[in-house]
Amino acid sequence: MREREEDLMTDKQPVDTAIQYQSKLFVPQASSRPETTPDFSHIEIPSPIASHRPDVLSEAIDIQDLAYGLVRVLGDDNLVAGPWAPDLSPDKLLQGLKHMMHVRAFDNRMFKMQRQGKLSFYMKCTGEEAVAVAQGMALKPSDMLFPSYRQQGLLFVRDHSIVDMMCQCLSNAKDNIKGRQMPIFYSSKKHNFFSLSGNLATQYSQAVGWGMASAYKGEDNVAVSWVGDGTTAAADVYHALVFGSTYKAPVILNVVNNQWAISTPQSFASTGSTFAARSIGLSIPGIRVDGNDFLAVYAVTQWAAERARKGGGPTFIELYTYRTEGHSTSDNPDAYRGKNEASFWPLGDPIERLKEHLIAIEQWSEEQHQALQSELTDEITKDWKEALSHGSLDNGPHWPVTSMFEDVFKEMPPHLVKQSKQIGV
Amino acid sequence: MAKMNMIQALNSAMDIAMDRDPNVLVMGEDVGYFGGVFRCTDGLYKKYGSHRALDMPIAEGGIMGVAIGMGVNGLRPIVEIQFSDYIYPAIDQIVSELARLRHRSGGEYFAPVVIRAPCGGGIRGGQTHSQSPEGIFTHACGLKTVMPSNPYEAKGLLIAAIEDDDPVIFFEPKRIYNGPFDGDHNKAASPWSAHPLGDVPQEHYKIEIGKANVLEPGSAVTVITYGNMVHVAQAAIKNSGIDAELIDLRTLIPLDIDTIKASVQKTGRCVVVHEATLTSGFGAEILSQVQEECFWHLKAPIERVTGWDTPYPHAFEWEYFPSQERITQAMLRTLESN
Chain A
6 MREREEDLMT DKQPVDTAIQ YQSKLFVPQA SSRPETTPDF SHIEIPSPIA SHRPDVLSEA
66 IDIQDLAYGL VRVLGDDNLV AGPWAPDLSP DKLLQGLKHM MHVRAFDNRM FKMQRQGKLS
126 FYMKCTGEEA VAVAQGMALK PSDMLFPSYR QQGLLFVRDH SIVDMMCQCL SNAKDNIKGR
186 QMPIFYSSKK HNFFSLSGNL ATQYSQAVGW GMASAYKGED NVAVSWVGDG TTAAADVYHA
246 LVFGSTYKAP VILNVVNNQW AISTPQSFAS TGSTFAARSI GLSIPGIRVD GNDFLAVYAV
306 TQWAAERARK GGGPTFIELY TYRTEGHSTS DNPDAYRGKN EASFWPLGDP IERLKEHLIA
366 IEQWSEEQHQ ALQSELTDEI TKDWKEALSH GSLDNGPHWP VTSMFEDVFK EMPPHLVKQS
426 KQIGV
Chain B
23 MAKMNMIQAL NSAMDIAMDR DPNVLVMGED VGYFGGVFRC TDGLYKKYGS HRALDMPIAE
83 GGIMGVAIGM GVNGLRPIVE IQFSDYIYPA IDQIVSELAR LRHRSGGEYF APVVIRAPCG
143 GGIRGGQTHS QSPEGIFTHA CGLKTVMPSN PYEAKGLLIA AIEDDDPVIF FEPKRIYNGP
203 FDGDHNKAAS PWSAHPLGDV PQEHYKIEIG KANVLEPGSA VTVITYGNMV HVAQAAIKNS
263 GIDAELIDLR TLIPLDIDTI KASVQKTGRC VVVHEATLTS GFGAEILSQV QEECFWHLKA
323 PIERVTGWDT PYPHAFEWEY FPSQERITQA MLRTLESN
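From first to last, the protein sequence lines are chains A and B. The first sequence maps to residues 6 to 430 in the working numbering. The second sequence maps to residues 23 to 360 in the working numbering.
Hints are computed from structural coordinates only; laboratory data are not their basis. The reader is advised that the hints may include incorrect statements.
[What the hints assert, rightly or not] Below, simulated DSBU-like cross-link-like pairs (lysine-lysine); rule was C-alpha separation at most 30 Å, straight line:
| hint | chain 1 | residue 1 | chain 2 | residue 2 |
| --- | --- | --- | --- | --- |
| 1 | A | 426 | B | 69 |
| 2 | A | 344 | B | 68 |
| 3 | A | 179 | A | 103 |
| 4 | A | 387 | A | 123 |
| 5 | B | 69 | A | 29 |
| 6 | A | 123 | B | 68 |
| 7 | A | 423 | B | 69 |
| 8 | B | 321 | B | 283 |
| 9 | A | 29 | B | 68 |
| 10 | A | 387 | A | 103 |
| 11 | A | 195 | A | 415 |
| 12 | B | 209 | A | 426 |
| 13 | B | 260 | B | 288 |
| 14 | B | 69 | A | 344 |
| 15 | A | 117 | B | 283 |
[As the list claims (entries may be wrong)] Listing some non-contacts, in silico: residues in chain B with all C-beta distances to chain A over 12 Å:
| hint | residue |
| --- | --- |
| 16 | 71 |
| 17 | 161 |
| 18 | 212 |
| 19 | 318 |
[What the hints assert, rightly or not] A few chain B residues facing chain A, derived, Cβ under 8 Å:
| hint | residue |
| --- | --- |
| 20 | 55 |
| 21 | 59 |
| 22 | 84 |
| 23 | 107 |
| 24 | 186 |
All residues carry an ideal CB built from backbone N, CA and C; glycine is no exception.
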């Protein structure tokens, strides 16, 4: 304790406390906080027939109304209307519904497993399933995906093995990325799904570069990337837009506006405008779409993909949705937003809305829905057992421990060979 | 005196600084209403308002740029980078601007910014939530670089950093936010309330930046470390019974070479421990200076125990995190060498 007393250099003279500021700084507000009642009444929800579907090679400036509007297809009557209605068979719609339900069943199980200590971390996409599933279905398998961390639905659309996704989350011996990353940081070259980074927005300009290479090689493939509303503040987003527009890269740049960036409301990034509007000054069409409307998301993505393939360059899509649950297993949303804010969200739930549509057109029933739900839940349970049979984070088996020295370089240099022999010593 | 963990001690330091000086504000991602993902700024929004506990857009480069501007205009911003792994978008602002501003303006301008950044592994954060990038910043000329290892010193050092007119980058080893950790992850976690350095004065005090602390006196070998590894090294010394002198650097820049020199000239043996990767890590700088200052006193090659030269692996966290065993073996090697 003696040394510690010597360390004490208490400044007996407090600094001049006479300074008092009257702050005039503007600080944005949240849609709700735990002590307030959520209120989304300011959100304008146009009818599906209110928007227009322009030619895919339109100039950004000529269609800027789409950046401030909201493209919708499913009306309040659960029926399809308006110019954006995509040509999708009931079978395709059922496939989309099934994918979304599958993702939700997967998320629920994984979240529970994290709570039971089997996983170190997890992130759900509850309420946003239509984004990845509808967009994934509107693309070609050869289109390259540069996702953020909440587009697991893309892997379901591309028929990735569910067991293998679980093995990645478990960092076990069957994990294709060899236990290197946290749960959900998937990578699947086979599925044209780029390796996830924990650093936000970095993939956005990389997608543009991939698209530039596709154009350079004379190919027809499109790169697609996603960021959240909060991440739009990152400089990489601006880089992607500038480079994408400069070279008319075949790329679709998506902003999943789910209203919350952990505890920070979208008002800290949206600057009082829409995100979609941000690209117009860079000659990239911005389109704002009801992100919980499976058909509208599909239609807008299809439009953007066609534009990209025809040499029209990027499209900037704002998917207007809501993050129903916490950011991840590491936060409790009740600490920073109004209780049950999700139930106030005016655009509903993507699974419920597509289900109601299919029921309305007599292609689906409540009973079939319940049966499918139990079937998917059972499948996930079965998959989880199989994944666990390949090992768990705590108990292994894992990849051999020396595998951590592999892939730092293509060939292991001498200093890593030396270190790999020291491990476990 | 109060029992505080490191989070509470850091919070107390910021609270005191904000209470004393309206120029001090905290800012960063989720630091306002929510109080930070690690809760370090908890309660400051309520007490000082949304203008002084500022939530910010997700753009570290932007946060750092505005912090410099605020600093130039008389404020003392405390920036929280949510994880030190997220600091790279701000590197240009930190290295090219913040660190060099005083020098390039002939002493006319400066920005007294404190950058707080949780660092280190041991929380299963994988490669994007576990890094120890201090060596990148010690290499930039003009940044004081601090890494405390306990609540008492964390508070005193943070107040000193806030009141310092130079920019300070303040790394917080997040594994020891709630309690000291000796590297044995199978053992039950022990809280700071059970540790003497969890006793923290509630009032204002400072610990001088640039002074190391001799934590354990010894005569056989000097172990030099900081942050997380202080507790691992301390346990290795205790459990091996080696008569080692343990130095907690606390500050990397400016480096307290006098304390290091006095110890190594006495023991003639030296082991440097840090969690960051080996090659070009701060340990290399310590080794150079020990060699320059103590060459004729050395009886054995200087040893380094560090993280491996790979990204931090999720599945092999405990094989990566430098262990007591590796530190003990290194101490023994220096003792056997003559």
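Hint by hint, here is what the structure shows:
{"no.": "1", "hint": "A/426 <-> B/69", "in the structure": "54 Å, violated"}
{"no.": "2", "hint": "A/344 <-> B/68", "in the structure": "19 Å, holds"}
{"no.": "3", "hint": "A/179 <-> A/103", "in the structure": "26 Å, holds"}
{"no.": "4", "hint": "A/387 <-> A/123", "in the structure": "16 Å, holds"}
{"no.": "5", "hint": "B/69 <-> A/29", "in the structure": "18 Å, holds"}
{"no.": "6", "hint": "A/123 <-> B/68", "in the structure": "36 Å, violated"}
{"no.": "7", "hint": "A/423 <-> B/69", "in the structure": "54 Å, violated"}
{"no.": "8", "hint": "B/321 <-> B/283", "in the structure": "14 Å, holds"}
{"no.": "9", "hint": "A/29 <-> B/68", "in the structure": "18 Å, holds"}
{"no.": "10", "hint": "A/387 <-> A/103", "in the structure": "17 Å, holds"}
{"no.": "11", "hint": "A/195 <-> A/415", "in the structure": "20 Å, holds"}
{"no.": "12", "hint": "B/209 <-> A/426", "in the structure": "27 Å, holds"}
{"no.": "13", "hint": "B/260 <-> B/288", "in the structure": "20 Å, holds"}
{"no.": "14", "hint": "B/69 <-> A/344", "in the structure": "23 Å, holds"}
{"no.": "15", "hint": "A/117 <-> B/283", "in the structure": "54 Å, violated"}
{"no.": "16", "hint": "71", "in the structure": "8 Å, violated"}
{"no.": "17", "hint": "161", "in the structure": "20 Å, holds"}
{"no.": "18", "hint": "212", "in the structure": "20 Å, holds"}
{"no.": "19", "hint": "318", "in the structure": "29 Å, holds"}
{"no.": "20", "hint": "55", "in the structure": "6 Å, holds"}
{"no.": "21", "hint": "59", "in the structure": "7 Å, holds"}
{"no.": "22", "hint": "84", "in the structure": "6 Å, holds"}
{"no.": "23", "hint": "107", "in the structure": "7 Å, holds"}
{"no.": "24", "hint": "186", "in the structure": "13 Å, violated"}
Violated hints, listed in ascending order, are 1, 6, 7, 15, 16, 24; each of the other numbered hints is respected by the structure.
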